[in-house]
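*Asks:* As a plain string of letters, each chain reads:
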Amino acid sequence: MSQFTIKDDEVDIVIGALQPDLTSFMEQWRPFFSRFHLIIVQDPDLKGELKIPEGFNLNLYTKSDIDKVVGSSSNAISFSGYSCRYFGYLMSRNKYIISIDDDCIPAKNSNGEPIDAISQHIINLTTPATPFFFNTLYDPFCEGADFVRGYPFSLRSGVECGLSCGLWLNLADYDAPTQSLKPDLKNSRYVDAVLTVPARTMLPVSGINISFNNELVGPALLPAFRLAKEGKVRWETVEDIWTGMCVKVVCDHLRLGVKSGLPYVWRQERGNAVESLKKEWEGVKLMEDVVPFFQSVRLSESAVTAEDCVVEIASSVKEHLGPLNPTFDRAAETMVEWIKLWKRVRAN
Amino acid sequence: MAAAAPPLKDELDIVIPTIRNLDFLEMWRPFFQPYHLIIVQDGDPSKTIKVPDGFDYELYNRNDINKILGPRSSCISFKDSACRCFGYMVSKKKYIFTIDDDCFVANDPSGKQINALEQHIKNLLCPSTPLFFNTLYDPFREGADFVRGYPFSLREGVPTAVSHGLWLNIPDYDAPTQLVKPHERNSRYVDAVLTIPKGTLFPMCGMNLAFDRDLIGPAMYFGLMGDGQPIGRYDDMWAGWCIKVICDHLGLGVKTGLPYIWHSKASNPFVNLKKEYKGIFWQEEIIPFFQSATLSKDSTTVQKCYLELSKQVEEKLGKVDPYFVKLADAMETWIQAWDELNPTKAN
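First to last, the protein sequences are chains A and B.
The first sequence maps to residues 1 to 348 in full-length UniProt numbering.
The second sequence maps to residues 1 to 347 in full-length UniProt numbering.
Bound conformation, chain A alone:
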């Protein structure tokens, strides 16, 4: 089954710049980025001018742009650090958004050729997902595969894919305790599969290498869950894990799919797990409350858009998680502010 071709101008590649020199990053991705429009958002905490190579079709946003657009919401919503990319999502008018951390480069396949992660994300987003029944041969829509015996025919057309979660070779996305305990643990296993994460199954979504259908789930990709000691390495954040679960709840409710697997990117070494662990372990602790909450949250039938869903989730967060920790309370408020901002920006 072939997926329909999309127009290049339906895609935005959004990069949050946490480091000042993007030259190496962008040169390595050039063969795969150059066809598309890029949105680069500079971490508002990063001083000075970003170094960006020539020859890309891009928009660059910095702190002053963020302040201008966000205005009075700026107290509730922080776009600092990894959250700067959400400003890029806010500004995008394109249907498909792909986002990769600026310390990742193309991975290589078994022939030593760089892997086009962008194309794979586009394939994932534009072929159906199958969340209601598990296919043991993984993605039935990829070449050389299909639905297996016993897969109900009524479920074989699948549903639209809302979110595509890619993976990482070399430095995997482990938390600080795990990586500290096993400093030499690198991911060298290339698993040649894309699969749909079943409906009502929660997962930890890593923001390192993701893409989504902005039209369907855009508002749910939000900067809400900020740790008190949030830092500039992934070990010191869990904002993407929170956001990912919001998106999964939204997708499950709206009968959209979430895929996981290919593509891989090569994640370069950065930071120190032990140092991060000393600084920030609260995120790990908070997951104990976060996960059961998202596993049990249910939305009303009247929530028919991603915006509606986010507002309901926020209200539920305030009610059930708010009393447990101020971080949750703040997250709920930020989610509400975000939707207001989203609607305001879209209306202009």
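Hints were generated in silico from the structure; no laboratory data involved.
Treat the hints with care, since some could be wrong.
In silico DSBU-like pairs for lysine-lysine, Cα to Cα no more than 30 Å straight-line [stated by the list, open to error]:
no. : chain 1 : residue 1 : chain 2 : residue 2
1   : A       : Lys-343   : A       : Lys-63
2   : A       : Lys-186   : A       : Lys-285
3   : B       : Lys-112   : A       : Lys-108
4   : A       : Lys-186   : B       : Lys-112
5   : B       : Lys-93    : B       : Lys-79
6   : B       : Lys-112   : A       : Lys-182
Partner residues aside, some chain B positions facing chain A, computed with beta carbon under 10 Å [stated by the list, open to error]:
no. : residue
7   : Leu-131
8   : Ala-144
9   : Val-147
10  : Arg-148
11  : Ser-153
12  : Leu-154
13  : Arg-185
14  : Pro-203
15  : Trp-241
16  : Thr-256
Partial list, derived from the structure: chain A residues whose beta carbon lies under 10 Å from chain B [stated by the list, open to error]:
no. : residue
17  : Thr-136
18  : Arg-149
19  : Thr-178
20  : Asp-192
21  : Leu-195
22  : Ser-260
By construction, the Cβ of each residue, glycine as well, lies at the ideal position given by its N, Cα and C atoms.
Position chain B against the provided structure of chain A, taking the given hints into account.
*Replies:* Just chain B now, kept in the frame of chain A:
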């Protein structure tokens, strides 16, 4: 240096249904010979099935099944590989590995032969993680772990009841798909084992399957198929839906993925279509039934769960076709037979 003893050598039986011959065992000899085989001979009992020399085995044909089970033998299918579940019932071991007689040793991408049995054992002996999806698949495999965001309270996992392996070469497609794509071969080696999440059903194929008899054995009934039945090629599917509901209820895990075997024979799609035809329609009712099936708190053993399920089958699927009333009855008979052949050990 002495080689390590084959893992679970005295705790695992290999159950093989056959109607033709067991030549395929020659290729498996290096991996299977240390283990005890249970051969379930389907079809004409007067035919002699030759077992290659050097294997330790017991063989049952239809006459044996009738003698051992008496009137309860009605629950064991005839002229269908579903009869293999008789092997599960008579086994005295903790673990079962079952494989079809047209499945051979596959090679991994490096060209090395895959010891499927060893991989199944690894899968069964380490925990499953059905409560939260790990994006790097099986966190207990070498070279992997739980990813950031995975709650520590869920990292112990649950016991693994079933290990579902896959197949290279001839894929396990249904008849309509086979007719449309007669030449498609599965050549994609996906280097992953993963736990099928709680609350999610899957199509369980019996070609390359292992399970813990103590944990889930009584639910591995492969139904009424073949001779005298309106349906075929749904035996393993039926068992798969039952075991998944029960595993979810009892907090047990089901894994899928590695190991691969090489499936050599493509069955005739027209013959398959005749067998599957009713199933293709019925599964549209069966799947929602299993997806919404709930078991009571009082069902704390596999047998209790299975009997509760059989009553629900009769009540809810009986209206789809009288076959399901017969099947529900057979499910009960199976449990009676299982309990008789496997009396609970006194503490």
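*Asks:* Give a verdict on every hint.
*Replies:* Structure-based check of each hint:
no.: 1; hint: A:Lys-343 <-> A:Lys-63; in the structure: holds (21 Å)
no.: 2; hint: A:Lys-186 <-> A:Lys-285; in the structure: holds (24 Å)
no.: 3; hint: B:Lys-112 <-> A:Lys-108; in the structure: holds (23 Å)
no.: 4; hint: A:Lys-186 <-> B:Lys-112; in the structure: holds (23 Å)
no.: 5; hint: B:Lys-93 <-> B:Lys-79; in the structure: holds (26 Å)
no.: 6; hint: B:Lys-112 <-> A:Lys-182; in the structure: holds (29 Å)
no.: 7; hint: Leu-131; in the structure: holds (8 Å)
no.: 8; hint: Ala-144; in the structure: holds (7 Å)
no.: 9; hint: Val-147; in the structure: holds (5 Å)
no.: 10; hint: Arg-148; in the structure: holds (4 Å)
no.: 11; hint: Ser-153; in the structure: holds (6 Å)
no.: 12; hint: Leu-154; in the structure: holds (7 Å)
no.: 13; hint: Arg-185; in the structure: holds (8 Å)
no.: 14; hint: Pro-203; in the structure: holds (3 Å)
no.: 15; hint: Trp-241; in the structure: holds (9 Å)
no.: 16; hint: Thr-256; in the structure: holds (5 Å)
no.: 17; hint: Thr-136; in the structure: holds (5 Å)
no.: 18; hint: Arg-149; in the structure: holds (4 Å)
no.: 19; hint: Thr-178; in the structure: holds (5 Å)
no.: 20; hint: Asp-192; in the structure: holds (5 Å)
no.: 21; hint: Leu-195; in the structure: holds (8 Å)
no.: 22; hint: Ser-260; in the structure: holds (5 Å)
In summary, this structure violates none of the numbered hints.
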